[in-house]
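**Student:** Residue numbers (this note's numbering), protein chains in the order written: chain A, 19 to 455; chain B, 19 to 455; chain C, 19 to 455; chain D, 19 to 455.
Just so you know, not all the hints are guaranteed correct.
Intra- or inter-copy, both count: the list cannot distinguish identical chains.
Claimed, not checked - Calculated lysine to aspartate or glutamate pairs in the EDC-like style (CA-CA distance at most 16 Å, straight line): (1) LYS274 with GLU26; (2) LYS136 with ASP435; (3) LYS111 with ASP94; (4) LYS136 with ASP237; (5) LYS136 with GLU281; (6) LYS50 with GLU140; (7) LYS136 with ASP429; (8) LYS111 with GLU26; (9) LYS155 with ASP113; (10) LYS155 with ASP352; (11) LYS55 with ASP94; (12) LYS55 with ASP352; (13) LYS48 with GLU281; (14) LYS274 with GLU421; (15) LYS55 with ASP237; (16) LYS111 with ASP370; (17) LYS155 with ASP370.
These are computed hints drawn from the structure, not numbers from a lab.
Each chain is listed here by its residues.
Number of protein chains: 4
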Amino acid sequence: MTASYFAEFPTIAYEGPESNNDLAYRWYDKDKVILGKRMEEHLRFAVCFWHSFCWPGSDVFGAGTFRRPWHAGANDTAAARAKREAALSFVEKLDVPFYCFHDVDVMADADTIGGFRKSFAEAVDHLEELQDRHGRKLLWGTANLFSHPRYMAGAATNPDPEVYAWAASQVRDALDATHRLGGANYVLWGGREGYDTILNTEIGIEQENFGRFLNLVVDHKHRVGFTGTILIEPKPHEPTKHQYDFDTQTVYGFLKRFGLENEVRVNIEANHATLSGHTFEHEIAMARALGIFGSIDANRGDHQNGWDTDQFPNSVEELTLAMLEIIRAGGFSDGGFNFDAKVRRQSVDAIDLFHGHIGGIDTVAHALVKAAAIIEDGRVDAFRAERYAAWQGELGQHIRSSEGTLGSIADLAVGRDLAPQPRSGRQEWLENMVNRF
Amino acid sequence: MTASYFAEFPTIAYEGPESNNDLAYRWYDKDKVILGKRMEEHLRFAVCFWHSFCWPGSDVFGAGTFRRPWHAGANDTAAARAKREAALSFVEKLDVPFYCFHDVDVMADADTIGGFRKSFAEAVDHLEELQDRHGRKLLWGTANLFSHPRYMAGAATNPDPEVYAWAASQVRDALDATHRLGGANYVLWGGREGYDTILNTEIGIEQENFGRFLNLVVDHKHRVGFTGTILIEPKPHEPTKHQYDFDTQTVYGFLKRFGLENEVRVNIEANHATLSGHTFEHEIAMARALGIFGSIDANRGDHQNGWDTDQFPNSVEELTLAMLEIIRAGGFSDGGFNFDAKVRRQSVDAIDLFHGHIGGIDTVAHALVKAAAIIEDGRVDAFRAERYAAWQGELGQHIRSSEGTLGSIADLAVGRDLAPQPRSGRQEWLENMVNRF
Amino acid sequence: MTASYFAEFPTIAYEGPESNNDLAYRWYDKDKVILGKRMEEHLRFAVCFWHSFCWPGSDVFGAGTFRRPWHAGANDTAAARAKREAALSFVEKLDVPFYCFHDVDVMADADTIGGFRKSFAEAVDHLEELQDRHGRKLLWGTANLFSHPRYMAGAATNPDPEVYAWAASQVRDALDATHRLGGANYVLWGGREGYDTILNTEIGIEQENFGRFLNLVVDHKHRVGFTGTILIEPKPHEPTKHQYDFDTQTVYGFLKRFGLENEVRVNIEANHATLSGHTFEHEIAMARALGIFGSIDANRGDHQNGWDTDQFPNSVEELTLAMLEIIRAGGFSDGGFNFDAKVRRQSVDAIDLFHGHIGGIDTVAHALVKAAAIIEDGRVDAFRAERYAAWQGELGQHIRSSEGTLGSIADLAVGRDLAPQPRSGRQEWLENMVNRF
Amino acid sequence: MTASYFAEFPTIAYEGPESNNDLAYRWYDKDKVILGKRMEEHLRFAVCFWHSFCWPGSDVFGAGTFRRPWHAGANDTAAARAKREAALSFVEKLDVPFYCFHDVDVMADADTIGGFRKSFAEAVDHLEELQDRHGRKLLWGTANLFSHPRYMAGAATNPDPEVYAWAASQVRDALDATHRLGGANYVLWGGREGYDTILNTEIGIEQENFGRFLNLVVDHKHRVGFTGTILIEPKPHEPTKHQYDFDTQTVYGFLKRFGLENEVRVNIEANHATLSGHTFEHEIAMARALGIFGSIDANRGDHQNGWDTDQFPNSVEELTLAMLEIIRAGGFSDGGFNFDAKVRRQSVDAIDLFHGHIGGIDTVAHALVKAAAIIEDGRVDAFRAERYAAWQGELGQHIRSSEGTLGSIADLAVGRDLAPQPRSGRQEWLENMVNRF
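Put together the whole structure using the sequences plus the hints.
**Tutor:** Right, here's the structure in full:
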């Protein structure tokens, strides 16, 4: 086993759109200034541990195909150490600033709660060294509350309080570790916070416990002085039949219900958006409108397949629409673009990890360039603003003012014999405009 | 044109499961007492105007097929009158207590806002007579804010305040009429309250205007002394690409945001539930958990087709699961089962309207019988209660008490070396139990 | 490790609909005669190895939960032996006649092709003993050509002929073993016979190789004197993005293309049907119309989730529609109802395997009773026959005769000034009729 | 009413990617030579009558919004004439070579079969003049066998032979007209050739009648000397629950069954492809592999909505993948790119028709430029060819030769102790390569 899994690969550098080097960036030019900010600061790219270093290339119908050296035997101390070293060296080779992890991704397996904590603590010590050695930072940490059999019926929504307490221990440690490692955010994805069958489920109890849990986490954050953002990651289903954090609007309602709408934001994943019946840009725009936009898990799904395929983004067109909404939301504060994406099961070589990430990074960077051009051009935004301009007029103001009542507004309509004139929404023109850049 | 379209048909009566009469109820025995209440009071069936009396049997690819007498020419005063008479006589023939309507369903066409109000007022006068003559009541009224071209970009979310004002006029009149006709609820379905393309849409402005509108309606309700329930009907999309009232959890968040969670409830439609990625019973259970369960639009979709097919319910199995949740929610207060369902385009005869409604009514009634038996048997509920019993224990109570912190709970997990034991969720057993009845 | 995993459970017997015994059949009365045949002969139930004895309760997001004794360590000779003993004793406890397997399900793991063949041969020897000891038969055997990493790019459609040859070896042995064990059918499910990305795929080459493979298998069947039926199991996708055997109509075209439509039939799985955009009954009816109906993999999907959930069937309503088509197809010759279904990941106990199978068996048996009643009643079939009766008339006969040309038929339409009269399709009445039984 | 609806608009011309003129082409440069052929010849663009000139902007939930002059009253002789003039002048303004129509699109309404034929004949006379006047050609004609109530239960699959005969008359006339107008193809889309409920449907009879119909049409084509291509347009469902021509593989099986695989090809629509669970490029590649690629209906669906949205194509990325397959199929012979696309219901102005078509045309043209560059670069195709190279080797040749048997191939695998080596499918690299151009 070796820490030098990627030794043969160069550090990836910008070479421009005309480059024919497969191991170079064609669009990601980290120091290039776009809309007043360096690309690196705009995009805040992160590499994730789970898909690229933990997953062995298995699927429901077949065994792992990847043969990474640290997968050769048990996930013991040495294997976990090798995996961490490989991961951080990979992030450095890509020359992106951040990485992300779940507790179990970075540590050796352990059975008891004491053993678990010890193993994780060792991993965190090592990560601290590696961050320093490789000059990389933590975008966010999280605890895996869904893979171990104890979580088969959920963590914070488990019918068994002992499981809830185990989850509390994992989250405390993962949040403390994230704080110590200088992480910018802490994420909660409720992978099994939902149900498999409504027949054995008390939604009421489960959601109250879940809301309580989130309040406990926020309280703990303040107690320990963590100043990063707490993020919830919506997903509609899978592995559960129904996951409570279905989408951004649902999460907003949940936060409002438990008084957390100013404490917690959303980490939006493209593939989760499409699984929930929305576009990626919809979820971002909605989060912006509701004031809870946080961070991004960049990937893509397959429009013909109904599960989470977590492919690397490769559509500049789709990402441009997403990027427009991110820019309109003011860009990231703590958040960033984490590649929650995995190479395909047939992409068995180390170089495929590079192709996946380079393609994803260039797709996002190219989209930023296009979105910035659309914003700077101004015609799309001007059309949109003009479309709502009448709300500044007298009738619009009356409607929105405290004097307006249903009756007073209706009386105006009747009194003026209103016959509103149709006005084209110009969808095709807008689509052409976006395609122009 | 004639008001006696259904003259040849008998009044539909209960004859029991063994009856071979196609024009009789086999399960709906209105005076039979189930769980302490007469079936009629439990189920509060309603017939809708739009699908059964207004829709001509057209679809996107073809013209109307139905040849009802009032469809022969223009929708003028005489045609509208004949349609109303046919409708109320049909409700009486079915011997169900309620009907529902949109303003435009019951009135002659009119161009100007003044003409519109006059035409609607005449219709309401006539409906009042007809209710009395046929001994029927209004479950709910609503205003159609989506069919006229003026609403192509929404009503309360329209970029044009004049359209908003038109909508205010329609809703004022429809709500006042509902009040006058003794309606039990008033419904808002935001058919075009959403967007076709995010490129021309300011979600923020639209949602604020929409929240404002809902507040205006609630205020008006109190001003005029209407004591029925205001209901929102969730739907994820269609006709728009995205509809803001996506599902029950989304509506809850919207209501919380605008301070209306105690004023407004949901009218849940089965086919809208499945289009949004949920089961029908999920939406009811979620509404119960959130305290906003109101009423039901009974129909079914087609699991292989991705649009609103609005078929009559015919699955006793699916309805049993829904009925279990309705019973657990305490049953209806103001709400009921409205058949928002249409016979198929090839079902061109008057008798098909009977078959559709009789089948739907019997399906729901049969489901009530089954659900009541499951409740009375008690095993399913007992298993579910037992599954969460540990939350009454010391650990559960600590977690839920104000003393618990993430740290204190985690310390308990560590200190006790917790290793939670797996416990079967018994999904197959529960499904077998439900199938037993 | 023990072969007596199910020792504490009784043999499951019929006790009738009123029984409150969870471990008894309420509808499956094997010797009851329905439409002239014993239920056991009608339904030919089989238990599968893979879901119930091999799968450990893992999913994409989490580890196995089931803790069967033979899962405690490696899948070595002893574990495989214990698993086989447990499986056959389970089939006997259920008192159903058949079981099904993939080669790898029943054998110890082995690395080389020689070791693989030896391990499988030992398993087959043992199965032969166990069949005899437990009085059970093999409905069908198959080879697993999708789980091992060598098959990541397909088996018969793999770009590498060496993989194709490996697959040929597995299929030869599995077909020979099926023959020796008296199996009634041999199944091919092309789990990875499709593609992940069209960018690296030559559909033309892959389909030709696939057609060639199927011809080789059919040829081998005849050489060795196997008289059972060769079956293809359609599925649209998963694990691949696109699977070539998408659905029954697709398979028919494939068979026609390679001259195999009289040699090969389809094994229809309910959940695969719904994933491909069809109902289960559609696939059966289509197979009947095309003359390729073979066998059934009984399970159900989740209408809101887009992957293969392989749940036990529990809808008598849905199965009744499927059973109607099976009866119309003349019932099974070699085929049967194999439960390609798995208990949920939270159903961790041995008893859950009983609940799953008992529920599934009773659901199917109940559906048979209902479908037979509908057939015997005759009204549904009579309506359908009458609907097409005019094809026996003069115009219908002219159209179908060899003298008819487009011109002659059109001339008749014009000459007679045809104005066809609308006739209701009576969908609601038909649905009510089906629900009546 | 006026024929000069588009008088104020210029003829659209190529101005290059940098043009800021909304009414110019940025990519479609008709005389530019790509891969040895002029763009105009490559792409063979057509405008359709139905969406752009007949549809009034209605949907299931609302009335028409478009107010074209010819929609002001009944569809009488004058209106139909104005519509035809507007349409052909629009095609000329776009400067694309072709248009397409259904019989009912171009004619005045008529009740009887005699009146229908007369009205259509007048329209065809006028179209012949207009083709000449505007210098445009017919890509294909077709008969509308789905909008009139008589077709509610299908045309060639109708239970009533009189309807079948009516359809024969329409198709005869439409095919003859297509022949007379010099049309390059004749299309059949089986809009209601399927079923709404399987309960009233004999799939066997319906498919035989449908196969018979197609044979009659092919026979008629030869009788009248029409040398264009007969095309079937697959669609999985909508308006029917199930349409028999589900997708390309299904159509292939249907053609094989009725001996028509060398007579009939497919007209592939992008939105129909995605509704059937496939990508657009899949359908084209499959048609190529099966030898039945014919023509294209260019549009796009909405990945989150489950019905046929028929939007104008605007994804160069998606079209590039489709164009690669078209080029590999040898390009069009008789076929072309027909815009079976409609502007959105809110796009009420004449200029929106221009924006829609210009955007669609430029999207397709840009995709052609990209696809040609990928082909000329050669790396993608070289990788793909190399992936299958081993089939030229000895083992591959043995497998494909007539001497190979399952046994002989298996013996080779065993004798050589084959252990096939994994080889990356390089999906991410291929996706990056495609994105490079």
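**Student:** Against this structure, judge whether each hint is valid.
**Tutor:** Hint-by-hint comparison with the structure:
1. LYS274 with GLU26: Classified as neither: same-chain Cα gap 51 Å, cross-chain 51 Å, threshold 16 Å.
2. LYS136 with ASP435: between (76 Å within a copy, 13 Å between copies)
3. LYS111 with ASP94: neither (26 Å within a copy, 42 Å between copies)
4. LYS136 with ASP237: Intra 24 Å, inter 59 Å, cutoff 16 Å: neither.
5. LYS136 with GLU281: neither (30 Å within a copy, 52 Å between copies)
6. LYS50 with GLU140: neither (38 Å within a copy, 65 Å between copies)
7. LYS136 with ASP429: between (71 Å within a copy, 15 Å between copies)
8. LYS111 with GLU26: within (11 Å within a copy, 58 Å between copies)
9. LYS155 with ASP113: For LYS155 and ASP113, the Cα distance is within 16 Å only inside one copy (11 Å; across copies 57 Å).
10. LYS155 with ASP352: Within one copy only: 12 Å inside, 57 Å across.
11. LYS55 with ASP94: Neither, since 43 Å and 60 Å both go past 16 Å.
12. LYS55 with ASP352: Result: close within a single copy only, 15 Å intra versus 53 Å inter.
13. LYS48 with GLU281: neither (31 Å within a copy, 52 Å between copies)
14. LYS274 with GLU421: Result: close neither inside a copy nor across copies, 28 Å intra and 23 Å inter.
15. LYS55 with ASP237: neither (34 Å within a copy, 48 Å between copies)
16. LYS111 with ASP370: Classified as within: same-chain Cα gap 14 Å, cross-chain 49 Å, threshold 16 Å.
17. LYS155 with ASP370: Neither: 24 Å inside a chain and 47 Å across chains, both beyond 16 Å.
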